[in-house]
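K.L.:
Knowing the structure of chain A, use the given hints to seat chain B on it.
Number of protein chains: 2
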Amino acid sequence: MKAVALFSGGLDSTVLAYHLLDQNAELKLLSIDYGQRHQKELDSSSNIAGSLSIPHQILQLPMLGNLLGGSALTDPAISLPEGHYAEDSMKATVVPNRNMILLSLAAGHAISLQFDTVAYAAHAGDHTIYPDCRPEFADAMDNVLQLADWNKINLHRPFVKWSKADLVKRGNELGVPFEKTWSCYAGGSKHCGKCGTCVERKEAFELVGLSDPTQYKG
Amino acid sequence: MKAVALFSGGLDSTVLAYHLLDQNAELKLLSIDYGQRHQKELDSSSNIAGSLSIPHQILQLPMLGNLLGGSALTDPAISLPEGHYAEDSMKATVVPNRNMILLSLAAGHAISLQFDTVAYAAHAGDHTIYPDCRPEFADAMDNVLQLADWNKINLHRPFVKWSKADLVKRGNELGVPFEKTWSCYAGGSKHCGKCGTCVERKEAFELVGLSDPTQYKG
Chain A
6 MKAVALFSGG LDSTVLAYHL LDQNAELKLL SIDYGQRHQK ELDSSSNIAG SLSIPHQILQ
66 LPMLGNLLGG SALTDPAISL PEGHYAEDSM KATVVPNRNM ILLSLAAGHA ISLQFDTVAY
126 AAHAGDHTIY PDCRPEFADA MDNVLQLADW NKINLHRPFV KWSKADLVKR GNELGVPFEK
186 TWSCYAGGSK HCGKCGTCVE RKEAFELVGL SDPTQYKG
Chain B
6 MKAVALFSGG LDSTVLAYHL LDQNAELKLL SIDYGQRHQK ELDSSSNIAG SLSIPHQILQ
66 LPMLGNLLGG SALTDPAISL PEGHYAEDSM KATVVPNRNM ILLSLAAGHA ISLQFDTVAY
126 AAHAGDHTIY PDCRPEFADA MDNVLQLADW NKINLHRPFV KWSKADLVKR GNELGVPFEK
186 TWSCYAGGSK HCGKCGTCVE RKEAFELVGL SDPTQYKG
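Top to bottom, those sequences are chains A and B. Here the first sequence stands for residues 6 to 223, numbered as in the numbering used here. Here the second sequence stands for residues 6 to 223, numbered as in the numbering used here.
It should be emphasised that the hints constitute simulated quantities derived from the structure, not laboratory data. A couple of the hints might just be wrong.
Note that identical chains are pooled: a pair holds if it fits in a single copy or bridges any two copies.
[Said to hold, decoys possible] Here are the simulated BS3-like cross-link-like pairs (lysine-lysine), alpha carbons at most 30 Å apart as the crow flies: (1) Lys96 x Lys7; (2) Lys222 x Lys174; (3) Lys96 x Lys157.
Next up, chain A with everything else stripped away, as it sits in the complex:
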């Protein structure tokens, strides 16, 4: 497999990178600045990719935040909800059509590199909030990617039925440096511990019975 993997520098996509390397994939990691308030994840992506010594590119598209208005992730005027990830209030963190945009950019890059696969780390915990993390979205996306070029591009989403705890468990087996990964949406210097993704991350470590090496604020 020769894959362009979407790589945010978060826990999920870092486990994905290690998981694919463990399967001897040839990898190119692609991070995208789409105007997210948690720009710190991009620093994490560089840090982790550097330690893995695999090709990595950050595509700077901060102007997308304006095009895709209305999300708490890109609009500082919209307050970031606190609480559990699965709550309805977390829908404020949906960035319109984010995954299709990121996957289509990754696919264009894969075609350009003559790679055969695009990989991303959507997992089962995301489904209730994000329409573009649903398995049926991933299936339809796989279908259209087969037709985007004269050569087929496959969509690899190995975690689409996994829980976040499954990811932590797999990451632990693979020696993922969890302390380097960045999950928090709030954009501070430490994980806030209160936003949906922080709450989900802490819960996942607790479920697996592991200690999260990340420093939480306060």
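P.N.:
Chain B alone, transformed into the frame defined by chain A:
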């Protein structure tokens, strides 16, 4: 219909804009600078949108040219083929996954605006060269767009079975200002008359028996 229409300032997408307005659609026109060498089409897009007095936005993403390397449209090191559009040599003008990228951006914008439709002007003449202009690609794209958000987004592609001559004929009925549209890929100040899209444009006007008001070089 409330539609975001991809609008390059070329003949096809200008006919599309007039066609949708004729059907009383509420329109937002979206042009995208993806690093194409024919930046002049973006000037045309502003000019035409201004004369129609409908909302228009140019999204500046010239860095995509680097991500999507290997096309004569974005890489000045690759020479632009001359001749008929349907020839195999024209495949050098394919920008990897261009339409999926543009459509996914338009869809994100449509979701953000609470619009229900994304429209684009793919037509039958494109199919032999561009994989992402084929009807089966458009069908698969329509399918995935239905799943990208909790509300469905429809992909409107009224010209997918039309020839370029059909577009010229329809544009003529609608009073499209053909002299304001820009088709040429070469990036000069006048249409070159030799690149695939110029050859196809001239042929279409001849087939319909109309005179093309555009000035050709030489």
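K.L.:
Hint by hint, note whether the structure agrees.
P.N.:
These are the hints, each one checked on the structure:
no.: 1; hint: Lys96 x Lys7; in the structure: between (34 Å within a copy, 23 Å between copies)
no.: 2; hint: Lys222 x Lys174; in the structure: within (24 Å within a copy, 65 Å between copies)
no.: 3; hint: Lys96 x Lys157; in the structure: between (33 Å within a copy, 16 Å between copies)
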